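Start from the sequences, fold in the hints, and give me the full structure.
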Amino acid sequence: MPTNPSIGWQKLLYAYYNIRTCYDSLNWGVDHLFSTCKVAISSNTTLLALADKLTPNPSVIEVYSISGTKVWSIFHNSAIPIVDFAFHGENLVVVLSNYTFRLYTDFHKTFNQYGFNTDFEPLTNVSESTLDESQNYKLVITNLETNEIEEVVEIVHTYVWGNFLVVRYRNKLTATNLIDFSNYEIPFLGLDPAKIHCISLLTASNHKLECLLSYDTTVYHISLDTQQRTIEFVDKVITVGPFKMMAASPNGSFVALFNAEDSQIFVSNKEFDRELLIYDTLNESSAPYMMEWAGEDAIILSLREEIKLIGPRQSSLSFFYDIVDPQDFDLSWNHNPQILIPIIKSEKDGLKIITDNKVEFLARVPQSSIDLLQVGTSHPSSILLDCVDKLQHQSSKADTNITYLKSEGTLQTAISGCLEAVLDEFSPIWQKKILKAVSFGKIYDDNYYNADEYLRTLNTIKVLNQLRAPEIGLFLTYPEVLDAGWPVIIEMLLKRSKHMIAIKVIQLLDLKDVESMVYVDWCCRKIMNEPDMAQLDLFKIILKKLLSAQRHTMGEISKNIIPVADIFQIAHQMGRMDLCQLLVDIEPSAIQRVNLLLEIGQVELALIKCFKSVDSDLCRLLLLHLKNTLSLTRFLEILNQVEKRSTIQIDPSDKSPESEYIQKFLRDELFVSGDIIGNFWENSVAKSNPKLLESYYKYDDNISQVNRLKVKKYTLEIDDGIVADGDFENYYQVERNKLQGLAGADKKLSKLLNLELDLLESKKKLSETYQQSFFQEKSAVAVVEKLIEMKQLKVAADVCRNHKISSEKLWNLVLEKYCRAGEFERLHSFIVKANPKAAKVYKAPISFETIAQTCIFYKGPAQHIDSYIASCIDASASWRAARYLENGSFDNALEEATKADNTGLIQLITDKKAAAR
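Heads up, the sequence shown stops at 917 in full-length UniProt numbering, and the numbers go up one at a time, no gaps.
One or more of the hints may lead you astray.
[What the hints assert, rightly or not] No farther apart than 16 Å at their CA atoms in a straight line, the calculated lysine to aspartate or glutamate pairs in the EDC-like style are these:
1) Lys308 with Glu284
2) Lys308 with Asp297
3) Lys612 with Asp675
4) Lys432 with Glu420
5) Lys462 with Asp424
6) Lys244 with Asp273
Don't read these hints as lab results, they were simulated from the structure. Fair warning: this is a prediction, and the values are worked out from it, not measured in the lab.
Shown next as structure tokens:
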């Protein structure tokens with residue numbers, strides 16, 4: 001039977017702490033890690049970068065996984081030496097002496113280089129400081145060649161805090177945002193560099209950085225806000241310094257400060273107005289080499305061959321390493337390089353401890369584990385776990401335990417407690433035992449415990465164990481995974497080229513949102529690793545991989561659903577232009593297809609693909625974009641292009657799914673010609689811009705369309721028609737000359753001009769008849785509308801006949817104009833005059849259904865509306881009944897509803913009639 005994990009717990013006041021082994025043998029072969037190596041540790045302690053500590057400017061940096069496996073190395077032989085290095089996530093940042101840094105984005109030495117000491121963003125100092133800012137301390141030397149004074153800008157240390165690369169100099173800090181690579185300068189104005197002892201992070205977010213500066217006997221709180229563009233120094237007015245080390249708790253609420261002169265550790269809140277603890281280190285095995293937090297309530301010191309855990313009320317615990325003879329103990333700060341000094345790294349829920357041959361995790365034991373595993377506990381989860389031990393040899397006792405849990409109603413509490421505790425367990429043996437207890441408990445749960453939670457926990461445990469395997473080296477606790485996020489974990493696997501494992505993790509945990517990331521990364525790697533492969537063959541491999549991401553039913557057509565923009569960029573960088581064009585064809589988004597082609601200057605092809613998407617809005621937007629970005633000649637040339645046939649040839653005998661897929665989009669199912677593009681441009685975009693449309697017609701040598709456009713332009717440019725002193729004849733002659741000047745050989749144009757001349761003649765006669773200008777009306781319909789408003793219906797009818805306007809149009813205009821104006825009597829008179837005197841049912845060119853509904857809408861006289869409804873002889877009796885009801889004519893409505901034998905409508909009419917009384 002495995003030993004109970006609680007045997008190794010140590011109690012500190014009211015809490016238990018446990019130190020557990022992550023890896024008990026490391027392959028790196030490094031001795032005396034702290035003494036001989038400069039060490040940089042990545043976020044979540046997944047990677048270590050090592051360089052020779054005795055070399056001021058290392059030329060070799062080796063990157064290891066936390067399990068001790070070498071991942072990659074940097075050999076730097078440049079004349080510009082390395083000054084320092086750190087990690088941003090798992091991306092190595094290497095700082096060079098020329099004030100630039102290299103950001104390595106993978107394990108294949110791919111990097112981008114940026115400057116960090118130039119092009120500073122402006123900042124406003126909002127400090128309420130009493131310092132003399134005119135005192136700007138600088139270290140200067142005399143250049144013997146030029147005999148000029150030069151400032152020495154010496155880099156002291158480099159940090160990566162959140163998304164900021166912070167470089168400390170003797171007299172300032174610079175901060176570089178590693179997202180947008182903007183630089184900020186924070187000078188130590190009025191501070192003597194000789195009195196600056198250390199600097200430490202307080203909190204960091206996307207736009208704000210807060211840190212602490214130990215200066216003389218006090219501490220300065222430095223705040224940089226990149227959104228507000230401000231910098232602030234606040235003196236916390238402390239007198240118990242100087243402080244050689246400072247460390248803030250993970251959430252930034254508390255600060256630990258070590259005074260090496262007095263050998264004391266002070267713990268305060270971040271405002272430094274409440275002292276929480278003073279701890280004397282004088283009697284420890286050595287002065288602290290490192291100081292970190294384990295969670296929010298314990299400080300960890302790295303001493304000579306010892307880890308010291310300090311809690312509230314001066315309480316402490318010690319964990320020893322490789323204890324040697326007491327006579328070898330040397331309490332001086334100048335340590336012997338042969339002794340063991342643990343390297344510690346604070347995490348969200350604990351602390352990682354790294355020595356030459358072991359990695360451990362120190363953390364507070366969670367309450368769920370105490371309830372489950374503590375000896376003597378009577379928690380329901382512990383009782384359920386006890387059932388597993390009693391199943392084989394004392395099954396009756398196991399049955400007794402289950403019966404007890406059911407009778408107390410705590411079986412589900414027991415199951416939930418086990419599932420919560422198992423996520424904190426490292427040992428596979430205990431994981432299996434706890435999960436077995438959950439399986440046993442579920443059988444007896446009368447309320448049918450949710451199996452989804454059990455399955456989700458089981459899969460999470462499988463994934464965590466796989467990640468912790470030495471060959472992968474991602475030893476993460478469950479809280480660390482939640483803090484980082486599963487997408488970040490998947491990225492870590494991809495950097496290690498563990499694509500298959502990443503896919504299994506995604507399938508187990510149903511992480512569909514990050515699935516495309518794996519396939520895209522694989523395809524990008526394939527392109528970079530196969531520079532000599534034929535582009536079509538390479539495309540087939542990529543397409544096969546992308547299609548494998550889709551789970552489709554039998555007979556369903558395969559279709560790529562993964563965005564290919566990142567793959568396209570890599571292909572473009574590698575000069576694979578044919579591959580780029582093939583990739584565009586399988587991009588799921590039409591907008592993205594267009595954007596990708598525009599990026600590589602394939603304007604014509606982008607326009608063709610845009611029209612093949614059959615998205616009119618996208619086509620219109622692209623044409624407007626091209627009009628604004630290209631010269632007019634180039635733009636008009638593109639409008640008249642004809643799609644080029646693809647030159648890619650597929651072997652007809654190749655029946656693989658990817659070849660059939662390629663054949664599908666190579667077929668000319670929709671051939672885009674210049675006529676399609678030109679007509680779309682003409683009818684949907686350019687019609688609102690006559691000048692541009694005229695240029696298009698001229699380029700196309702379409703003279704007849706140019707002339708028609710001129711006629712249309714004349715119509716649109718008709719002025720307000722104000723004629724001085726009623727000189728209608730003179731105005732008429734001017735406008736007539738304009739129209740005749742547009743005449744040409746085009747017969748269609750001549751017909752159009754004659755129509756405009758006839759209309760101009762009618763405008764002249766009407767203007768002279770009524771002594772008011774009709775010239776401002778731009779069409780014959782507009783002239784008719786004006787005559788209706790003037791109550792000249794007979795003349796309006798004559799104009800309609802002369803200019804071939806239908807009687808239906810005239811009636812619709814009269815109906816709308818009179819109803820809108822409330823001239824219902826005039827409308828009724830117009831309708832009556834159009835019918836014989838003895839007619840009981842009216843007739844009109846338009847339907848009386850339209851007339852009745854329009855009058856009801858505008859609330860016309862009920863008597864007239866009833867006569868219009870009665871004239872709706874083609875409508876059903878139910879329809880007429882409904883209209884009578886709307887008009888308030890209940891008797892007529894009831895009569896029509898009775899004819900239709902519509903009992904529901906009869907009841908409705910009866911109810912409304914009764915209510916109206």
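Going through the hints against the structure:
no.: 1; hint: Lys308 with Glu284; result: holds (9 Å)
no.: 2; hint: Lys308 with Asp297; result: holds (14 Å)
no.: 3; hint: Lys612 with Asp675; result: holds (14 Å)
no.: 4; hint: Lys432 with Glu420; result: holds (14 Å)
no.: 5; hint: Lys462 with Asp424; result: holds (13 Å)
no.: 6; hint: Lys244 with Asp273; result: violated (20 Å)
When held up to the earlier numbered hints, the structure conflicts with hint 6 and nothing else.
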